[in-house]
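Now for the letters of each chain:
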Amino acid sequence: MQQIINFLIRNKTTLLYLLLLSISLILTVQSHSYHRSTFFNSANWVSGNIFQTSSNISNYFGLREENDLLKEQNRELQLQLYNLTPNDSLELDTTGLRYKILAGRVIKNSYGNQKNYLTINLGSKQGVVQDMGVITGKGILGIVEASSANYAVVQSILNTNSNINAKIKNTSYFGSLTWDGSDFTTVQLEDIPRLVTLMIGDTIVTGAMSSIFPENIPIGVIKKFDLNASQSFYQIDVGLFNDMTNIRNVYLIENLDRAEILELQTSIEDGQK
Amino acid sequence: MGRNNVFIHIVRFILLVLVQVLVFNQLNFLGFINPMVYILFLFWYPIKENRMLFIGMGFVLGLVIDLFSDTLALHSAASVTIAYLRPAMMRFVFGVNYEFQSFRLSNTTLVQQFTFLALLILVHHIVFYSLEIFSLSNLLLILKKVVFNVLGSIVMCTLLSSLFSPEKE
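Line order of the protein sequences matches chains A and B.
Numbering of the first sequence is given in our numbering, commencing with residue 1 and proceeding in unit increments.
Numbering of the second sequence is given in our numbering, commencing with residue 1 and proceeding in unit increments.
Please note: incorrect hints may appear among the correct ones.
Claimed, not checked - Derived DSSO-like pairs: lysine-lysine, alpha-carbon spacing no greater than 30 Å straight-line:
hint, chain 1, residue 1, chain 2, residue 2
1, A, Lys100, A, Lys125
2, A, Lys12, A, Lys71
3, A, Lys224, B, Lys144
4, A, Lys100, A, Lys169
5, A, Lys12, A, Lys169
6, A, Lys224, A, Lys138
7, A, Lys125, A, Lys169
8, B, Lys48, A, Lys223
9, B, Lys144, A, Lys12
As the list claims (entries may be wrong) - Chain B residues, not near chain A, derived (Cβ > 12 Å throughout):
hint, residue
10, Gln26
11, Leu27
12, Pro46
13, Asn50
14, Gly95
15, Asn97
16, Asn107
17, Thr115
18, Phe116
19, Tyr129
If you're looking for bench data, these hints aren't it; they were derived computationally from the structure.
For every residue, glycine included, the Cβ atom is placed at its ideal position computed from N, Cα and C.
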């Protein structure tokens with residue numbers, strides 16, 4: 001017993017180091033899994049407020065570009081509005097809505113890591129919940145991973161954990177959108193079968209299988225495609241519409257039917273067991 | 001360690017964390033180079049202090065940076081490692097005489113200080129990027145990121161440490 005205690009005292013620094021190292025390794029491995037705790041991320045009170053302050057200051061430098069972007073978006077919406085053939089009656093109540101949309105601002109962005117997260121200035125007080133979709137005027141951005149009272153952390157599509165259902169525009173060939181971590185302008189689309197004819201420049205949009213995003217939100221265009229190792233599926237490089245390095249205003253989409261869809265899917269999966 | 005010294009360390013800690021998360025984490029030079037200047041805290045920290053406390057500080061420093069940059073526990077693992085290995089590195093760089101009472105960082109040659117700093121940064125980045133990418137099939141990517149980020153960090157840390165040398169008399 002004496003010897004064990006002596007051993008512990010003699011090697012106390014090494015043991016402390018090993019303890020702290022294993023704590024951090026455990027935390028690292030845990031963060032590889034899908035859901036994370038709400039406190040241990042940049043949406044917590046201290047870092048949220050610091051990023052908010054810094055973004056309040058730096059926001060002024062991008063106001064002009066941001067204005068141009070919003071004007072362009074408005075123009076597109078007006079184009080659609082005036083070219084719409086009006087029905088004889090429009091529904092104005094909100095009971096039939098499938099999607100709810102919130103507007104927010106990015107207060108922290110990153111794109112140089114393997115697992116990139118953004119922090120936005122909306123939280124559970126404004127109705128942000130886990131698994132809401134996040135888009136900009138140009139295309140998709142990511143999925144809400146955790147939210148605190150006033151802030152939320154968004155898992156960017158530039159995250160090696162990210163996996164989003166996507167398809168080729170105007171067809172129903174769908175695959176999953178992932179990121180290999182090498183280039184922040186390009187993401188990868190997998191599992192498109194070989195029989196599909198592809199062209200460089202084809203547009204990729206979100207698919208209908210997702211219970212997070214509505215269908216047909218733009219993602220990017222095909223830059224390059226190859227057959228994968230098994231020669232039966234394509235490995236497609238998709239150049240993003242969004243400039244991931246310069247993102248300020250975002251929209252959060254909540255699918256109001258999501259709970260129902262998930263319930264239905266789990267009930268079937270449970271029945272098969 | 002006097003009360004004044006504790007105060008200086010706390011201020012230095014907070015300032016380095018803020019500079020790291022608000023300036024250098026947003027830098028993204030060439031798309032992926034983010035110098036890690038908070039290593040300077042471990043470089044400047046007095047040599048004669050309690051080792052246990054120092055390792056603990058290294059861990060807390062890394063954890064705070066992790067919380068801000070959503071890289072939970074990558075920075076902690078890397079900085080606790082260099083905090084633990086620091087005495088061994090000092091023995092390697094400065095020889096045995098760093099254990100004497102009169103030893104001060106400012107008394108050593110610039111080359112020695114630079115080697116020490118570069119060694120800290122190199123070990124830190126190797127641990128950090130290996131854990132971040134975490135697959136041997138991406139060895140080339142790890143190497144690329146380590147090499148360029150080590151260069152970036154060394155440049156920024158050398159500049160900062162020559163601007164704000166703590167032991168100037």
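Status of the hints after comparison with the structure:
| no. | hint | result |
| --- | --- | --- |
| 1 | Lys100/A to Lys125/A | 15 Å, holds |
| 2 | Lys12/A to Lys71/A | 63 Å, violated |
| 3 | Lys224/A to Lys144/B | 24 Å, holds |
| 4 | Lys100/A to Lys169/A | 24 Å, holds |
| 5 | Lys12/A to Lys169/A | 61 Å, violated |
| 6 | Lys224/A to Lys138/A | 21 Å, holds |
| 7 | Lys125/A to Lys169/A | 36 Å, violated |
| 8 | Lys48/B to Lys223/A | 57 Å, violated |
| 9 | Lys144/B to Lys12/A | 36 Å, violated |
| 10 | Gln26 | 8 Å, violated |
| 11 | Leu27 | 9 Å, violated |
| 12 | Pro46 | 16 Å, holds |
| 13 | Asn50 | 10 Å, violated |
| 14 | Gly95 | 21 Å, holds |
| 15 | Asn97 | 22 Å, holds |
| 16 | Asn107 | 26 Å, holds |
| 17 | Thr115 | 23 Å, holds |
| 18 | Phe116 | 19 Å, holds |
| 19 | Tyr129 | 9 Å, violated |
In this structure, the earlier hints numbered 2, 5, 7, 8, 9, 10, 11, 13, 19 are contradicted, and the remaining ones agree with it.
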